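Undergrad: Quick note, the sequences are listed as chains A and B, same order.
Under my numbering, read the first sequence as residues 1 to 213, first letter to last.
Under my numbering, read the second sequence as residues 1 to 159, first letter to last.
If you are wondering where the hints come from, they were derived from the structure by calculation, not from laboratory data.
Source: prediction; values computed, not measured.
Some clues are possibly wrong.
[Unchecked claim] Using 35 Å as the maximum straight-line C-alpha spacing, the simulated DSBU-like pairs for lysine-lysine come out as follows: (1) K35(B) x K136(A); (2) K112(B) x K153(B); (3) K98(A) x K153(B); (4) K15(A) x K52(A); (5) K112(B) x K98(A); (6) K89(B) x K54(A); (7) K190(A) x K153(B); (8) K81(A) x K153(B); (9) K81(A) x K54(A); (10) K86(A) x K112(B); (11) K44(B) x K15(A); (12) K86(A) x K153(B); (13) K98(A) x K38(B); (14) K52(A) x K38(B); (15) K26(A) x K89(B); (16) K153(B) x K136(A); (17) K89(B) x K195(A); (18) K86(A) x K44(B); (19) K44(B) x K59(A); (20) K44(B) x K81(A); (21) K35(B) x K52(A); (22) K89(B) x K98(A); (23) K59(A) x K153(B); (24) K86(A) x K190(A); (25) K59(A) x K35(B); (26) K26(A) x K15(A); (27) K59(A) x K26(A); (28) K35(B) x K81(A); (29) K112(B) x K81(A); (30) K44(B) x K52(A); (31) K54(A) x K44(B); (32) K81(A) x K89(B); (33) K153(B) x K54(A); (34) K54(A) x K86(A); (35) K98(A) x K54(A); (36) K89(B) x K15(A); (37) K98(A) x K86(A); (38) K38(B) x K54(A).
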Amino acid sequence: MAERGSQTLLFGPMKPVGLTNPHTGKRAYAVVQLRQDNREDTLRNIVGFQTKLKHGEQKRIFRMIPGLENAEFARLGGIHKNTFIKSPLLLDRYLCLKDMPHIRFAGQISGCEGYIESAATGFLAGYFAACRILGKTPLIPPATTAFGAMLNHLIDDTNVEDFQPMNINFGLFPELEPEITANGKIRHIKGAERKEAYCRRALEDIIDWTEQL
Amino acid sequence: MSDTQIHIIGAGLAGSEAAWQLAERGIRVLIHEMKPQKFSPAHKSADYAELVCSNSFRSDNHQNSAIGLLHQEMRLAGSLIMRCADAAKVPAGGALAVDRDEFARRVTEEIKAHPLIDSVCEEITALPDASFGEVIVATGPLTGEALAEDILKQISHQA
Ligand SMILES: Cc1cc2nc3c(=O)[nH]c(=O)nc-3n(C[C@H](O)[C@H](O)[C@H](O)COP(=O)(O)OP(=O)(O)OC[C@H]3O[C@@H](n4cnc5c(N)ncnc54)[C@H](O)[C@@H]3O)c2cc1C
Ligand SMILES: Cc1cc2nc3c(=O)[nH]c(=O)nc-3n(C[C@H](O)[C@H](O)[C@H](O)COP(=O)(O)OP(=O)(O)OC[C@H]3O[C@@H](n4cnc5c(N)ncnc54)[C@H](O)[C@@H]3O)c2cc1C
Chain A
1 MAERGSQTLL FGPMKPVGLT NPHTGKRAYA VVQLRQDNRE DTLRNIVGFQ
51 TKLKHGEQKR IFRMIPGLEN AEFARLGGIH KNTFIKSPLL LDRYLCLKDM
101 PHIRFAGQIS GCEGYIESAA TGFLAGYFAA CRILGKTPLI PPATTAFGAM
151 LNHLIDDTNV EDFQPMNINF GLFPELEPEI TANGKIRHIK GAERKEAYCR
201 RALEDIIDWT EQL
Chain B
1 MSDTQIHIIG AGLAGSEAAW QLAERGIRVL IHEMKPQKFS PAHKSADYAE
51 LVCSNSFRSD NHQNSAIGLL HQEMRLAGSL IMRCADAAKV PAGGALAVDR
101 DEFARRVTEE IKAHPLIDSV CEEITALPDA SFGEVIVATG PLTGEALAED
151 ILKQISHQA
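So here's chain A without its partners, still in its complex pose:
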């Protein structure tokens, strides 16, 4: 990102938006966010600074940030590989390999991305497997919920060729129904209201599912 231009980081991880210096009332040129990393607050992490720079270079460059001259580094950045399978082609709706149904996949290898997304697909795989072992029919989470949207991303075979691991996002949810206003007009839900409507609908629909698990 930094290679793209000397200003690029100002619009990315170092964006100073919404942060005014309480002492001077001025907006900063660029900011570095240090997020608390342990309960004792003896460790902090630099938000948005994942990098493939050599470790020595990371220390040298990050110590150039005002205030970090004497920082000690507990862990440095690194870019990793990302192994995943073409789930929409290979898996059934219960996350089993179509050709070897005793094998189920879950987590990032199944094509989700992120900590809680991985835990959520692990939840589904565990629940589906329990159903089969107990001889029960598994309930698929409603498509309008985040669980259902994540699962659909993994098994929706309309998109096999371009399949890529993905974080949960509202683009994976079915579209909202337009509202009919009091005077009979169709009103499409827009902007910030859209996100709230997705969340409201999901939290209503998830209850039916969780109550029967």
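Start from chain A and add chain B with the ligands according to the hints.
TA: Chain B with the ligands alone, transformed into the frame defined by chain A:
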């Protein structure tokens, strides 16, 4: 354990949650985790559910964020990972961030204490055949190379 009903390969975020959900439904689980015998390039601790990078689970707002919504749905469904995350929470504005060591320790302790979950430390190098019964593969983005190659071999006739 001879009466194992399901094998889980990998005790990261996905494998740990899967093991818990199975055991809570009365099923005997055997976890195969290669740590601490072997570590991926990003994993460093012997604990399960290790967060290899950021300590943040991103936004916790379930009124306007998709990931915050997933957090809330996971809580409602009885997720172990969310329960441990909430317990190990550190201040981070609207995000859910955790003390990574405390989080992983809590998950590991709960799993090891569950009477229906057993674990072995070993690297699995090939997809188990059907005689093993039910298997969940949850080996993550840094799946051990041998297993990754075997998966590729076994599924390549379809891809
Ligand atoms: C490799 C393998 C391992 C199996 N292990 C067990 C076992 O340990 N214990 C046991 O009781 N049965 C087991 N079964 C049997 C299995 O649960 C089904 O009963 C069997 O596949 C028959 O399916 P069907 O097509 O006749 O019926 P279906 O109507 O397709 O399914 C029968 C029931 O199983 C559920 N089911 C089907 N596929 C899955 C899946 N992938 N994940 C979760 N639930 C599913 C269905 O919802 C339904 O309730 C196993 C099957 C296979 C192929
Ligand atoms: C360097 C890096 C940085 C990341 N940063 C973030 C981030 O900031 N935020 C975020 O949300 N996500 C991040 N991710 C993605 C993150 O990996 C996933 O979100 C999540 O950890 C995946 O969960 P998982 O359970 O699928 O895999 P993991 O949590 O990786 O768990 C897999 C487990 O399987 C074990 N294992 C692997 N192969 C074998 C084998 N053959 N036999 C036995 N055991 C095996 C491993 O030791 C590990 O314990 C990052 C990933 C990497 C690699």
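Undergrad: Now, for every hint given, state plainly whether the structure supports it.
TA: Hints, verified against the model:
The suggested pairing of K35(B) with K136(A) holds, with an alpha-carbon distance near 34 Å, which does not exceed 35 Å. Under the criterion of a C-alpha separation no larger than 35 Å, the hint pairing K112(B) with K153(B) is consistent with the structure, at around 33 Å. Proposed proximity of K98(A) and K153(B) is supported: the alpha carbons are some 15 Å apart, at most 35 Å. For a cut-off of 35 Å, the pair hint linking K15(A) to K52(A) stands: about 21 Å separates their Cα positions.
Taking the CA atoms of K112(B) and K98(A), the gap is about 32 Å. The hint holds against a cut of 35 Å. For the hint linking K89(B) to K54(A), the alpha-carbon distance of about 31 Å falls within 35 Å, and the restraint holds. The straight-line distance between the Cα atoms of K190(A) and K153(B) is roughly 47 Å, outside the 35 Å bound, and the hint therefore fails. Taken as a hint, the K81(A) and K153(B) pair is honoured in the structure, with Cα atoms around 19 Å apart against an allowance of 35 Å.
For the suggested pair K81(A) and K54(A), the alpha carbons sit about 17 Å apart, so the restraint of at most 35 Å is met. For the hint linking K86(A) to K112(B), the alpha-carbon distance of about 33 Å falls within 35 Å, and the restraint holds. Distance hint between K44(B) and K15(A) is fulfilled; the C-alpha atoms sit about 31 Å from each other, no more than 35 Å. The hinted pair formed by K86(A) and K153(B) meets the criterion: a straight-line CA distance of about 13 Å does not exceed 35 Å.
For the hint pairing K98(A) with K38(B), the CA-to-CA distance comes to about 30 Å; that is within 35 Å, so the pair holds. A C-alpha spacing of about 23 Å is found between K52(A) and K38(B), which places the hinted pair at or below 35 Å, so the restraint holds. At most 35 Å may separate the alpha-carbon atoms for a hinted pair to count; K26(A) and K89(B) meet this at roughly 32 Å. Proposed proximity of K153(B) and K136(A) is supported: the alpha carbons are some 33 Å apart, at most 35 Å.
Using a Cα cut-off of 35 Å, the hinted pair K89(B) and K195(A) holds, with the two alpha carbons roughly 25 Å apart. A hinted pair counts as satisfied when its Cα atoms are at most 35 Å apart, and K86(A) with K44(B) qualifies at roughly 28 Å. In summary, the hint linking K44(B) to K59(A) is supported, as the alpha carbons are separated by about 20 Å, within the 35 Å threshold. Taken as a hint, the K44(B) and K81(A) pair is honoured in the structure, with Cα atoms around 17 Å apart against an allowance of 35 Å.
With a C-alpha separation of about 25 Å, the suggested pair K35(B) and K52(A) falls inside the 35 Å cut-off, and the hint holds. Between K89(B) and K98(A), the direct Cα distance comes to roughly 39 Å. Violation of the 35 Å bound is thereby established for this hinted pair. Distance hint between K59(A) and K153(B) is unfulfilled; the C-alpha atoms sit about 41 Å from each other, more than 35 Å. Note on K86(A) and K190(A): the hinted pairing holds, with a Cα-Cα distance of about 33 Å set against a maximum of 35 Å.
Distance check on the hinted pair: K59(A) and K35(B) sit about 28 Å apart at the alpha-carbon level, within 35 Å; holds. As the CA atoms of K26(A) and K15(A) are separated by approximately 14 Å, the hinted pair is consistent with the 35 Å bound. A hinted pair counts as satisfied when its Cα atoms are at most 35 Å apart, and K59(A) with K26(A) qualifies at roughly 29 Å. Proximity of K35(B) to K81(A) is assessed by CA-CA distance (about 19 Å); at most 35 Å being required, the pair is judged to hold.
Our distance criterion of 35 Å between C-alpha atoms is met by K112(B) and K81(A), whose separation comes to about 30 Å. Taking the CA atoms of K44(B) and K52(A), the gap is near 18 Å; set against the 35 Å cutoff, the hint holds. For the hint pairing K54(A) with K44(B), the CA-to-CA distance comes to about 19 Å; that is within 35 Å, so the pair holds. Between the alpha carbons of K81(A) and K89(B) the distance comes to roughly 29 Å, so the proposed pair stays at or under 35 Å and holds.
A hinted pair counts as satisfied when its Cα atoms are at most 35 Å apart, and K153(B) with K54(A) qualifies at roughly 34 Å. For the hint pairing K54(A) with K86(A), the CA-to-CA distance comes to about 32 Å; that is within 35 Å, so the pair holds. Straight-line distance between C-alpha atoms of K98(A) and K54(A) comes to about 42 Å, which puts the hinted pair past the 35 Å bound. A C-alpha spacing of about 26 Å is found between K89(B) and K15(A), which places the hinted pair at or below 35 Å, so the restraint holds.
With a CA separation close to 12 Å, the supplied pair K98(A) and K86(A) stays within the 35 Å bound. Pair hint K38(B) plus K54(A) holds up; C-alpha atoms about 24 Å apart against a cutoff of 35 Å.
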